[in-house]
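Protein chains: 2
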Amino acid sequence: MSTLVLCSGGLDSVTLAYKVHAEGNLSYLLSFDYGQRHKKELNFAEKASSALGVPHEIIDISNLTKILGSSALTDSTPVPDGHYAEQSMMTTVVPNRNPIMLTIAFALAARENLQTVAAAVHAGDHFIYPDCRPEFVDAFKEMQLLALDGVSKIDLYAPFVGSSKADIVSVGSELDVPFQETWSCYKGLERHCGRCGTCVERLEAFHLAGIDDPTSYDDTEFWKTA
Amino acid sequence: MSTLVLCSGGLDSVTLAYKVHAEGNLSYLLSFDYGQRHKKELNFAEKASSALGVPHEIIDISNLTKILGSSALTDSTPVPDGHYAEQSMMTTVVPNRNPIMLTIAFALAARENLQTVAAAVHAGDHFIYPDCRPEFVDAFKEMQLLALDGVSKIDLYAPFVGSSKADIVSVGSELDVPFQETWSCYKGLERHCGRCGTCVERLEAFHLAGIDDPTSYDDTEFWKTA
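Chains H and L, in that order, give the protein sequences. If you're matching positions, the first sequence starts at 4 in the numbering used here and goes up one per residue. If you're matching positions, the second sequence starts at 4 in the numbering used here and goes up one per residue.
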């Protein structure tokens, strides 16, 4: 089942790429440049594609995100510190981001005659991102089957939809994912800041999984009280 | 019900804009520049927005269509003459075009706090475009309700999904749509060519509806035998 993996260069999607590769199905990595403050993540997606020996395409949708609204990920709003929680993290939401990226991914999969699109949506994101929930995944799959009926039959593979980020760290550890070559921090400095929502979540996930965290952080204590 | 209408400047979507306006719900027109051979259609969308007194946004997705595959609408493949029919017209299909444009439209509607996105998909397109069928419309609506749950509740309005193009001409005639200020022809010359699939369909629709066609064509006879 030839598979295109949506890979941002973050921990979840790089682990997904390694998992699909281990399952013998990896054909393609796709990243989006949506006008991120920094491109560090994209470099790590590129590294994963080289390590796994598959083509990597970066599609620039920054003009879309500029039009579609401001977000702490793309504009000058300060990145909130602290644990992922609805109030502070709503500023990191670009509305309808997953449906837009997935419809483009399905078009690319159709062009490449691939059978599956894989996305690293996971249970930890359900609370704040409705487009990461299992009901959404099922509805999206059904919509695409009808939209491409007679053209391509492409499935959506979201094996982490019921998993916590700690579960993903465990899977990645078994697959020898080079975690130090994945990027989570929203701030894009030299090292992970250790304080933003996604750093706190990352630190917590390694802790809960009982796996040594090879990441270099500026602050390794903040997450314990966030 | 504040509504964003996807409006290419063609006969169907301009008629839809007039219909939504007559229903008291028109708030916004959205067009896509997807690298069309010509921009004549977009000028007519702009005219409709001025006539109806609503804002008009054109979102450039030409880099996407360039990446996602070639099509007679966007590249140098010759535009086929003749009646809309599966074989010749498959060259006018950009894969997954409607899902991509609709997910972007829903994001814009979310940004603008609008309640509805309206699209002029119609029964005449079912045969060749799976993403114009009623099953697709229903599945897309459901997907978006889940994707934006807790963020926005936006409906998809597709009143022509069961209508022929002749039905749309009848609706437009009752609403006094200035049909001469809509553009269908794929070729984008001075006048409508009268020979390409969409010109043939347009000529036939006026004939079937029994409505005088104010369009100026280079060839007014070809469609009768196409």
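Be aware that one or more of the hints could be misleading.
Note: identical chains are not told apart, hence a pair may lie in one copy or across any two.
[As the list claims (entries may be wrong)] As a list, the in silico DSSO-like pairs of lysine-lysine whose alpha-carbon atoms are at most 27 angstroms apart:
hint, residue 1, residue 2
1, Lys69, Lys43
2, Lys227, Lys50
3, Lys50, Lys190
4, Lys156, Lys69
These are calculated hints, taken from the structure and not from any lab test.
> Are the CA atoms of Lys50 and Lys190 at most 27 angstroms apart within a copy, between copies, both, or neither?
Replying inline: Within. Shortest intra-copy distance 20 angstroms satisfies the 27 angstroms Cα cut-off; inter-copy 44 angstroms does not.
> With identical chains treated as interchangeable, where does the CA-CA distance between Lys156 and Lys69 reach 27 angstroms or less: within a copy, between copies, both, or neither?
Replying inline: between (32 angstroms within a copy, 22 angstroms between copies)
> Checking Lys69 and Lys43: alpha-carbon separation at most 27 angstroms within a copy, between copies, both or neither?
Replying inline: both (20 angstroms within a copy, 26 angstroms between copies)
>> At most 27 angstroms between alpha carbons: which applies to Lys227 and Lys50, within, between, both or neither?
In response: So Lys227 and Lys50 fail the 27 angstroms test inside a copy (31 angstroms) and across (59 angstroms) alike.
Consistency with the previously given hints fails for number 2 only.
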